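Note that the protein sequences, when read in sequence, are chains F and B.
Just so you know, we're using our numbering here: the first sequence kicks off at 1 and counts up by one.
Just so you know, we're using our numbering here: the second sequence kicks off at 1 and counts up by one.
Treat the hints as calculated values from the structure; they're not laboratory data.
Honestly, I wouldn't trust all of these hints.
[What the hints assert, rightly or not] In silico BS3-like cross-links for lysine-lysine, where the CA-CA straight-line distance does not exceed 25 Å: (1) B/7 with B/225; (2) F/79 with B/144; (3) B/7 with B/128; (4) F/109 with F/119; (5) B/132 with F/38; (6) F/38 with B/126; (7) B/144 with F/24; (8) B/126 with B/7; (9) B/225 with B/195; (10) B/206 with B/132; (11) B/195 with B/122; (12) B/128 with F/38; (13) B/132 with B/122; (14) B/195 with B/128; (15) F/24 with F/79.
[To be verified] From the derived model, a few chain F residues whose C-beta atoms are all more than 10 Å from chain B: (16) 13; (17) 20; (18) 74; (19) 91; (20) 112.
Computed from a predicted structure; not experimentally measured.
We treat Cβ as the ideally placed atom computed from N, Cα and C, and that holds for glycine.
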Amino acid sequence: MIISLDPRVNRAAIEADNNIEPLKDLDQWETYEVFHQKRRGDQHMHVGIVHAPNAEMALIFGKEQFGRRGLSVNIWVVKTSDVFTTEYDDSDIFETVPEKQYREAGGYKVMDKINKYKKGL
Amino acid sequence: MNTEAIKELLYKMADDLLIIGHRNSEWTGLGPILEEDISFSSMAQDKIGQSQALYVLLHELGEQEPDTVAFTRNANQFHNAQLLELPNGEYDFSLIRHFLYDHADQLRFEALANSSYEPLAKVARKVKGELKYHVFHANTWVTKLGSANAESHARMQAALNHAWNYALGMFEHSTHEDILIAENIFIGEDSLQDKWLSNISAVLLKAGLSIPSSDTWNPVLGGRKGLHTEHLGPLVEEMSEVFRYDPTAEW
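Looking at chain F on its own, in the form it has when it is part of the complex (with noise of 0.2 Å):
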């Protein structure tokens, strides 16, 4: 018998030589996705993983993971298997020829034109 300091354990009376047979690969729920919103109108932002049988669980064992806090208003699940994504070996496309100011802020002259009306005021 396992002996052991939590008395939970005790009582479970564990043979020592308990052959446990381990779960089979995939033996086990999907995914899901748990995204939540810390105010309404807010974009919602991932914020980890459960596992569950089906939606309903996922947003209880969600809630629970990650709203226990008190930090959300809502919460969204989405499987993970209907996430798509793109591949980390296409992040090259995210990549840019940096000869294109004029697409980005910084690439207006205004602060040329503020600095220049500062000084004559």
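Got chain F sorted already, so can you dock chain B onto it with the hints?
Quick look at chain B alone, frame taken from chain F:
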């Protein structure tokens, strides 16, 4: 206001919450899956917190400090229904008990939100959200397992049958029943049981589970008066072990 009647009401509610809170916390680290382990443990903490809020009200009515009341009484001084002290058994029983008790608890607090005893009405309004989630959690599990497969259905039905007469014992009459109703402190156990039956029936129907036929109903009474099963003594002993080790310790 009849203080004795209020104290009796507060004691049974607080003791129910403390004992079920402790029982449910015994699942911590042993729950069926991580997410459920965390959820069940978190709700157990809610229950302990709710019991503390009620022990504080009792303290304001002249009873001892909440910790003293919670950790220094003997089993026969507790007023919880026997349902709540029964060992956890397997997860089916723990879930069914959670379902049966939390529906009653939610309705009890809902009624008390309009109590003429304002301090308790205030607590009742504060715990509303927690209770709503607890019932949502219980309904979701019971509905899912009631109809998932033959084994889960059979286990849930057996657990329901086993828990049933103990659950009816939650509605044991107080000796002050008439005063509580007349003074608009509480709606009374009979009204509560009617509302409870109607709420759980709807969910059980959806879950494909049946309430035992009413000719077998035989409420297990006595818990409210300090009469308990042999399971409460060891629970109280384990729960208060650390406190009794040094009752004057500062935490």
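Hints and how they fare:
1. B/7 with B/225: holds, 13 Å
2. F/79 with B/144: Roughly 18 Å separates the two Cα atoms, so the pair holds.
3. B/7 with B/128: holds, 21 Å
4. F/109 with F/119: holds, 16 Å
5. B/132 with F/38: holds, 20 Å
6. F/38 with B/126: holds, 21 Å
7. B/144 with F/24: Given pair residue 144 of chain B, residue 24 of chain F holds - Cα atoms ~23 Å apart, limit 25 Å.
8. B/126 with B/7: Holds, at about 20 Å.
9. B/225 with B/195: holds, 24 Å
10. B/206 with B/132: Judged against 25 Å, a Cα distance of about 19 Å means the pair holds.
11. B/195 with B/122: holds, 22 Å
12. B/128 with F/38: Holds. Residue 128 of chain B to residue 38 of chain F sits at ~20 Å (cutoff 25 Å).
13. B/132 with B/122: holds, 16 Å
14. B/195 with B/128: This hinted pair holds, its Cα atoms lying about 17 Å apart.
15. F/24 with F/79: holds, 22 Å
16. 13: holds, 13 Å
17. 20: holds, 14 Å
18. 74: holds, 14 Å
19. 91: At about 31 Å from chain B, residue 91 of chain F clears the 10 Å cut-off, so the statement holds.
20. 112: holds, 55 Å
Going through the hint list in order, the structure satisfies each hint without exception.
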